[in-house]
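Visitor: Take a look at the letters that make up each chain.
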Amino acid sequence: DSTAALTIETSVPFTSHLVDPPSRDVTTTPAELMTFFRDMSIMRRMEIAADSLYKAKLIRGFCHLYDGQEAVAVGMEAAITRSDSIITAYRDHCTYLARGGDLVSAFAELMGREAGCSRGKGGSMHFYKKDANFYGGHGIVGAQVPLGCGLAFAQKYKKEDTATFALYGDGAANQGQLFEALNISALWKLPAILVCENNHYGMGTAEWRAAKSPAYYKRGDYVPGLKVDGMDVLAVKQACKFAKDHAVANGPIVLEMDTYRYHGHSMSDPGSTYRTRDEISGVRQERDPIERVRKLIFAHDLATPAELKDMEKEIRKQVDDAIAKAKESSMPGTSELFTNVYKKGFGVESFGPDRKELRATLP
Amino acid sequence: DSTAALTIETSVPFTSHLVDPPSRDVTTTPAELMTFFRDMSIMRRMEIAADSLYKAKLIRGFCHLYDGQEAVAVGMEAAITRSDSIITAYRDHCTYLARGGDLVSAFAELMGREAGCSRGKGGSMHFYKKDANFYGGHGIVGAQVPLGCGLAFAQKYKKEDTATFALYGDGAANQGQLFEALNISALWKLPAILVCENNHYGMGTAEWRAAKSPAYYKRGDYVPGLKVDGMDVLAVKQACKFAKDHAVANGPIVLEMDTYRYHGHSMSDPGSTYRTRDEISGVRQERDPIERVRKLIFAHDLATPAELKDMEKEIRKQVDDAIAKAKESSMPGTSELFTNVYKKGFGVESFGPDRKELRATLP
Amino acid sequence: KEITVREALNSSLDEEMSADPSVFLMGEEVGEYQGAYKISKGLLDKYGPDRVLDTPITEAGFTGIGVGAAYHGLRPIVEFMTFNFSMQAIDHIINSAAKSNYMSAGQISVPIVFRGPNGAAAGVGAQHSQCYAAWYAHVPGLKVLAPYSAEDARGLLKAAIRDPDPVVFLENELLYGESFPVSDEVLDSSFCLPIGKAKIERQGKDVTITAFSKMVGYALQAADILAKEGISAEVINLRSIRPLDRAAINASVRKTNRLVTVEEGFPQHGIGAEICMAVVEDSFEYLDAPVERIAGADVPMPYAANLERMAVPQVEDIVRAAKRACYRAVPMAAAA
Amino acid sequence: KEITVREALNSSLDEEMSADPSVFLMGEEVGEYQGAYKISKGLLDKYGPDRVLDTPITEAGFTGIGVGAAYHGLRPIVEFMTFNFSMQAIDHIINSAAKSNYMSAGQISVPIVFRGPNGAAAGVGAQHSQCYAAWYAHVPGLKVLAPYSAEDARGLLKAAIRDPDPVVFLENELLYGESFPVSDEVLDSSFCLPIGKAKIERQGKDVTITAFSKMVGYALQAADILAKEGISAEVINLRSIRPLDRAAINASVRKTNRLVTVEEGFPQHGIGAEICMAVVEDSFEYLDAPVERIAGADVPMPYAANLERMAVPQVEDIVRAAKRACYRAVPMAAAA
Ligand SMILES: Cc1ncc(C[n+]2csc(CCOP(=O)(O)OP(=O)(O)O)c2C)c(N)n1
Ligand SMILES: Cc1ncc(C[n+]2csc(CCOP(=O)(O)OP(=O)(O)O)c2C)c(N)n1
Ligand SMILES: [Mg+2]
Ligand SMILES: [Mg+2]
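Residue numbers (the working numbering), protein chains in the order written: chain C, 1 to 363; chain R, 1 to 363; chain E, 1 to 336; chain S, 1 to 336.
In short, the hints are calculated from the structure, not lab data. Certain hints may be false.
Which stretches of chain R does chain C cover? Using the computed rule of at least three CB atoms under 8 Å from a CB of chain C, they are [to be verified]:
no., segment
1, 166-176
2, 205-217
3, 290-296
The C-beta atom is built at its ideal place from N, Cα and C for all residues, glycine as well.
Construct the complete structure from the given sequences, taking the supplied hints into account.
Guide: Here it is as structure tokens:
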């Protein structure tokens with residue numbers, strides 16, 4: 001029975017600050033484990049394909065890949081509903097998928113096509129899905145944290161019983177605006193969960209070189225915190241459920257997700273000058289979030305190795321098809337240059353580089 | 001013997017965070033106590049005179065008075081040397097005096113005269129005395145804290161055995177840039193002392209309404225801190241000596257000075273809508289920093305009440321004379337409009353509101 | 001009937017909060033203290049602490065929270081005690097507010113108002129006197145309004161609050177206490193002014209004077225003086241700096257053939273420069289004299305009263321420039 | 001000999017650090033990573049971690065620390081990974097750096113350089129593409145430089161580091177890899193360019209084209225095309241946006257009687273507007289045609305390649321505008 005409850009212990013205990021941690025025993029189902037495997041595998045495949053597309057010059061500018069960190073996006077989503085809000089930084093492709101975004105609109109956005117989730121106008125760092133309460137996709141390190149607290153403010157103001165998850169990196173964790181927003185959130189008891197995705201490097205800087213105290217779950221000082229194995233999707237799910245309940249009832253909480261990014265920071269970073277190849281392959285071998293679920297699936301006899309291989313093959317095809325479809329999408333129409341500057345443009349004229357050559361009336 | 005050592009216990013114990021507190025027994029001398037009394041009395045008198053000058057419209061704009069907080073400026077100065085640096089916010093008149101500034105240049109600045117310490121160009125919030133390492137006088141809440149850490153950076157870079165005291169209010173204590181600067185200072189072991197002058201209100205906002213955790217000495221989280229009775233000049237001196245030694249040897253430390261401002265925030269604030277008159281008079285009666293020293297002087301038979309009264313009379317005259325002298329100073333010459341925009345102006349032309357009427361060649 | 005600009009702003013806030021429960025006000029001292037400049041007087045009592053929120057002195061944090069709340073459908077009004085402090089939060093105003101609707105192809109609109117006193121007050125020195133009109137109006141995605149009179153204050157603030165885009169609303173401390181006559185229409189709670197439209201405050205035919213905020217009053221005084229000397233000045237109150245009402249400015253200059261721009265901010269890349277460009281682009285052949293710019297002196301604001309007076313435009317500067325534009329001889333002055 | 005702009009910047013940093021022990025470099029990834037764009041390559045090895053400091057991603061904090069260090073007599077060079085992130089620290093650039101010497105009547109000078117790539121790169125979207133030239137050049141107390149060539153990069157960066165005032169130094173990512181011929185004089189460690197002086201990159205007599213940074217290259221390409229069509233364009237590389245070399249611009253316009261301004265930033269209150277004003281103020285009677293402005297489109301930067309191309313000036317825009325200025329018929333285009 002694919003809906004029969006299974007109880008699985010988290011890889012390591014939670015470490016907590018000013019709060020009692022949740023139980024290590026996580027309830028799941030065979031169906032959920034299979035979904036986790038599928039969702040994370042799709043993400044992994046998408047990111048690897050994005051890498052190739054970048055190298056083929058079909059994606060331009062920055063492109064920050066999430067492979068290695070998939071358990072955070074997937075575990076979080078499993079714990080909450082689409083009425084809860086999520087906001088993250090520029091490493092946003094997989095969060096978009098987790099919120100229900102599809103591969104075609106993701107690839108189309110990466111390639112700057114009309115079918116993109118931001119009609120090609122946002123780019124890699126600016127994915128959104130407002131109908132699923134996904135608020136981006138932000139390029140300025142740290143800025144999404146006060147923004148997320150603002151989403152939580154609105155949730156509370158509207159008396160929704162929902163919460164906001166604001167994700168940021170270990171590098172971002174030192175940003176002052178985070179401490180400002182946390183203080184206000186604590187004063188106003190906003191249902192905000194600050195999720196530090198500690199992948200141990202901010203670009204080329206190891207956490208301890210950027211933070212005197214890299215114990216990010218404790219950096220809220222007077223705000224409770226929980227450290228979570230971010231490579232264990234079940235631990236992430238458990239922590240996010242716990243955090244949501246805490247936040248709705250009591251106000252903000254910090255979650256530190258111990259995770260890892262396999263790729264370099266963005267495409268210009270080989271990702272191997274400031275860390276050893278051994279370190280990377282060690283994580284891949286011992287902590288990979290997909291492999292962990294694969295093992296659980298086998299341990300509970302939910303699928304055979306061949307079945308999972310088939311699924312992976314099918315995912316590969318799904319991703320390739322999506323790319324093909326995205327490539328068919330055309331570039332945004334030139335009139336898009338001037339749409340969405342304002343929601344209400346008052347019919348004012350706006351201009352291109354040569355105002356006597358290119359102009360438009362703002363809608 | 002006015003230089004004989006006296007040992008006096010601080011009013012209350014120090015409360016400490018991540019560090020062993022210094023002893024409550026403070027060594028002083030009769031001469032020092034007399035100087036404390038005189039210096040604080042001059043400050044008190046200056047601020048009260050500034051209040052009158054403001055009401056007489058001789059001082060314009062903002063004017064933030066320090067009466068009530070004198071023990072912080074005086075005790076700190078007693079613990080350090082003029083090679084150490086101080087930087088503070090807009091409530092800066094008394095710090096200027098403590099660093100050796102004279103009354104005439106203080107009043108002249110307040111009245112916007114040429115004899116002012118900033119030649120009338122800075123105003124109440126922008127006093128400086130670079131030759132005594134006093135770096136102002138800053139109007140933007142919180143900004144002086146990273147600046148102070150920068151002074152400390154330079155001290156360390158130049159291998160001076162000196163430290164910087166950066167003062168800020170309880171309201172400023174929530175500013176994000178403070179946490180950013182503290183993290184960097186801790187990473188780089190800068191000799192920076194962050195001195196939170198907790199006068200319990202930021203404008204009309206009580207500390208607990210602005211800070212989820214008003215335990216400011218602990219707000220450095222992973223940085224040590226000490227809570228000090230800021231109305232006890234000897235405790236301030238003891239804490240600052242301790243903090244300087246700590247900072248030069250180990251890096252940053254936070255001092256919270258428990259103090260009180262008698263006046264409103266600035267001249268437009270009566271200072272009595274958000275706190276009770278009883279609260280103010282209670283502090284005046286029980287904790288006034290000058291009265292505390294007066295009592296110590298009597299307790300140790302260092303002067304008679306009449307002698308202190310005479311001193312106060314003399315101070316009153318000294319202040320009145322300074323005001324008279326400052327009033328004699330003329331307004332800055334009109335050419336001052338264009339001086340000091342740059343240190344090196346390249347002989348470029350600069351302009352007033354009507355460039356065809358008022359122009360100058362920048363020196 | 002006369003009301004002050006303060007009353008105009010206060011009543012607009014009140015009426016818009018009463019009309020739309022998604023409108024709320026946040027900022028330093030806006031609640032219990034009734035506003036540093038008493039613009040929000042009475043609102044906490046009336047709307048309670050859920051809708052009138054005192055914030056800590058952390059502009060980046062609370063502005064980000066305001067913008068996030070707008071993402072989620074609320075209509076925040078963020079008060080900066082003065083716009084000088086908006087620099088601590090400017091990344092949120094530009095990158096989080098102004099650009100989101102565009103980057104998301106219209107998914108994330110940001111109905112928010114950033115307001116507070118802007119520019120020079122009296123005797124507050126270099127760090128508290130800057131005018132941010134040119135900076136904000138530089139940036140597409142923002143709308144930038146600057147009221148002069150009580151009518152402006154009411155009509156433009158209501159327009160700003162009702163607008164679905166981020167609006168920077170630049171008040172002036174020295175105008176708060178000034179009274180202006182207002183019609184019944186202006187006092188009606190439905191009153192609203194259009195964004196992007198300038199107002200001809202005074203008709204004239206010899207020279208156009210553009211101004212915004214406090215300088216509109218100076219321009220009107222200058223026009224009075226000029227009238228006595230036989231020069232008929234048309235005074236344009238810009239009201240909206242972005243969108244800038246190029247049509248109104250050009251129409252006026254095509255009539256008068258002469259232009260004086262007035263602003264209190266720094267000259268370089270300022271409001272006057274753009275207006276000059278707009279007229280040169282669209283009406284070059286109509287210009288009979290060089291555009292004259294009156295602006296704040298190109299120096300940080302000094303504190304001393306005499307220097308401060310020299311640093312900001314005076315009525316006589318406008319009069320002199322207008323006469324120059326009309327080729328009336330004015331005595332040349334010496335360098336400072 | 002040819003060197004890249006990257007090499008020019010790197011060698012200037014190196015030479016100035018070697019010449020003056022009070023010069024140090026701080027910023028994100030400037031040390032172990034050798035710079036996000038490798039401008040600081042090798043400097044950590046050579047000067048050690050006391051003088052090449054990797055900072056956390058906390059612009060307000062480290063910029064404040066840099067300014068404080070300058071108060072105390074050091075000569076910090078603060079690298080912003082891009083100038084977009086300088087907004088988080090802009091209060092320190094304006095209120096702590098630009099105004100201190102004035103407010104203290106000359107006691108607290110601030111010898112600091114803020115540098116990094118500015119403006120549009122390729123495909124980096126709305127939050128990473130803004131040009132801050134007009135904002136910073138608006139503010140007295142700052143000096144604002146923008147190099148185009150390797151010569152500019154060497155000479156202006158050295159001038160900035162040696163200058164006793166705060167300098168905002170606006171680089172361009174897309175120029176880092178471009179090579180330029182340089183003379184021995186330029187390669188000499190004593191080489192320095194004057195602040196406040198523009199360079200006539202190409203002499204001409206029919207029309208003046210002003211540009212800075214990457215757009216100088218475009219203007220030169222446009223001039224080549226124009227030459228083939230019989231129009232002799234004079235190209236001015238502004239180099240210094242503040243002080244702006246009004247004398248050089250006006251002298252050129254008095255000769256050519258026609259002006260095209262080129263910039264990549266947003267138009268409103270931009271560089272072109274100020275140049276137009278400067279010419280109208282000083283040389284109105286010499287202008288034979290409306291000033292033509294070429295600037296970034298008045299929209300946040302879109303990601304899609306086709307839209308991005310439409311949003312930034314192209315060589316053909318400059319050519320077309322120059323022809324218009326010279327009254328050569330150009331076909332009118334339709335609205336987008
Ligand atoms: C305010 C700001 N400063 C600098 C940058 C450049 N930058 C982009 S990502 C990044 C590293 C962030 O590291 P971290 O927060 O750990 O997130 P991760 O990339 O590891 O997910 C930097 C420095 C930026 N985008 N915004
Ligand atoms: C960034 C910024 N925001 C707001 C202000 C306006 N303001 C000036 S002083 C002040 C209160 C500061 O309180 P606190 O830090 O406790 O210092 P105190 O005045 O009590 O000495 C405020 C809000 C400012 N100067 N700068
Ligand atoms: Mg990281
Ligand atoms: Mg206080």
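Visitor: Against this structure, judge whether each hint is valid.
Guide: Results of checking the hints against the structure:
no. : hint    : result
1   : 166-176 : holds (count 3)
2   : 205-217 : holds (count 5)
3   : 290-296 : violated (count 0)
In terms of the numbered hints stated before, the structure departs from hint 3 and from no other.
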